[in-house]
Amino acid sequence: MELLSKKENEIFIENFNNIYYFEFSKDFFHEPESHNYWEMVYVDNGNVNAIANDVVYPLSQGQAIFHQPMETHSHISDKRVANNMLVVSFSAYGNAMEYFKGKTFTLDKNSKTILKLFLQEAKNALGDIPNDYQNHLPLDFSKAQFGSVQLLNCHFTEFLIKLIRSGNTLANLTEKQSRNDVKNSMCEIMCEYMKRNVNSNLSIKELCSNFSIGKTQLCKIFKESLSQSPMDYFTALKNEEAKKLLREKNYSISQISDMLGYSSIHNFSRAFKKAVGMSPTAYTKSIL
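Here the numbering used here is used: the first residue of the sequence shown is -16, the next is one more, and so on.
Incorrect hints may have been included.
To be verified - Here are the computed distance ranges between Cβ atoms for each label pair:
id, residue 1, residue 2, range
1, Ser186, Lys227, 20 to 26 Å
2, Lys256, Gln117, 57 to 63 Å
3, Lys227, His249, 20 to 26 Å
4, Asn184, Lys227, 24 to 30 Å
5, Asn184, Glu(-3), 41 to 47 Å
6, Lys256, Glu207, 38 to 44 Å
7, Pro121, Gln44, 29 to 35 Å
8, Asn114, Lys256, 21 to 27 Å
9, Ala65, Lys178, 16 to 22 Å
10, Gly85, Ser192, 24 to 30 Å
11, Ser210, Ala65, 28 to 34 Å
Keep in mind the hints are simulated off the structure, nothing from the lab.
As the structure is a computational prediction, the values presented were derived from the model and not from experiment.
Quick reminder that beta carbons are idealized off the backbone N, C-alpha and C, glycines included.
Please model the entire structure based on the sequences and the hints provided.
In structure tokens form, the structure reads like this:
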């Protein structure tokens, strides 16, 4: 009996774009992203909220989600425990892939075993599995053990087929719950982004661009979640950082102004005095 051709395969994996195994802290998050290939995220430990198409999918240990090509998505820890995640990005074809759109899964013992075999074979193919989220270099199979790349394909194809056969998907959240959760999670992600960029001259336009969101919706999310505007929140972060730096007394006021991205020491002093009620100089003297 002839093997199926490429066109006759129910699922055909053309290539693997990325394979990661991450050990994240409880404060992990990443900004929304999209790409022209599939992505599977499996939570090996901890709890993660996946956000896709204005829906929040809470995932715990042993659960997975698939993001279809060009779907804007992000992930954020629930802030309670550290997280271990396996991320597999791949290009695949076949009508059967439609099954994975908008679905999350609780893996049974059989599916976990296949995924474990896949991970072991990834080590044979790559040596070390990448764990740097910023590393987007193509996978290097130049030193792969004999047959390991082919086995990678076989194991992952079997994994996908088993998931379809089992039909063990999680129930979607209600529309109202999803919208409320996505607003809170998006606000949390954007707040974390601001904290990491407190030394920059961040603007509303940049926030909207980075998170693929309109200005009106952005301001509405912050108003409903924090009762303040995005820029008021960012300014408050800058002021708290300024107070910390002033207390540490390692830098001059002019240096702190530059470090926090202000265009001039005058603008820094004016913003600081408006928020704190005294100038940076007066604040420094008050804590001596």
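Exercise. Does the Cβ pair Ala65, Lys178 satisfy 16 to 22 Å?
Worked result: holds (19 Å)
Exercise. Do the beta carbons of Lys256 and Gln117 sit within 57 to 63 Å of each other?
Worked result: Violated - the Cβ-Cβ distance for Lys256 and Gln117, about 38 Å, lies outside 57 to 63 Å.
Problem set entry | Whether the CB-CB distance between Asn184 and Lys227 falls inside 24 to 30 Å | Between Asn184 and Lys227, where Cβ atoms are some 19 Å apart, the hint is violated.
Exercise. Pro121 and Gln44, beta-carbon distance inside 29 to 35 Å?
Worked result: holds (30 Å)
For this session: Indicate whether the distance between the beta carbons of Asn114 and Lys256 respects the range 21 to 27 Å.
Result: At 45 Å between Cβs, range violated.
Problem set entry | Verdict for Asn184, Glu(-3) (Cβ pair) under range 41 to 47 Å | For Asn184 and Glu(-3) the Cβ distance comes to about 43 Å; the hint holds.
Problem set entry | Range hint compliance [Cβ, Gly85 to Ser192, 24 to 30 Å] | Since the Cβ atoms of Gly85 and Ser192 sit about 26 Å apart, the hinted range of 24 to 30 Å holds.
For this session: Can you let me know if the beta-carbon spacing of Lys256 and Glu207 is within 38 to 44 Å?
Result: violated (30 Å)
For this session: Could you tell me whether the CB distance from Ser210 to Ala65 stays inside 28 to 34 Å?
Result: holds (31 Å)
For this session: May I ask you to test the hint 20 to 26 Å on the CB atoms belonging to Lys227 and His249?
Result: holds (21 Å)
Problem set entry | 20 to 26 Å as the expected CB spacing between Lys227 and Ser186, which holds or is violated | holds (23 Å)
Figure legend: structure checked against the earlier numbered hints; hints not met, in rising order: 2, 4, 6, 8.
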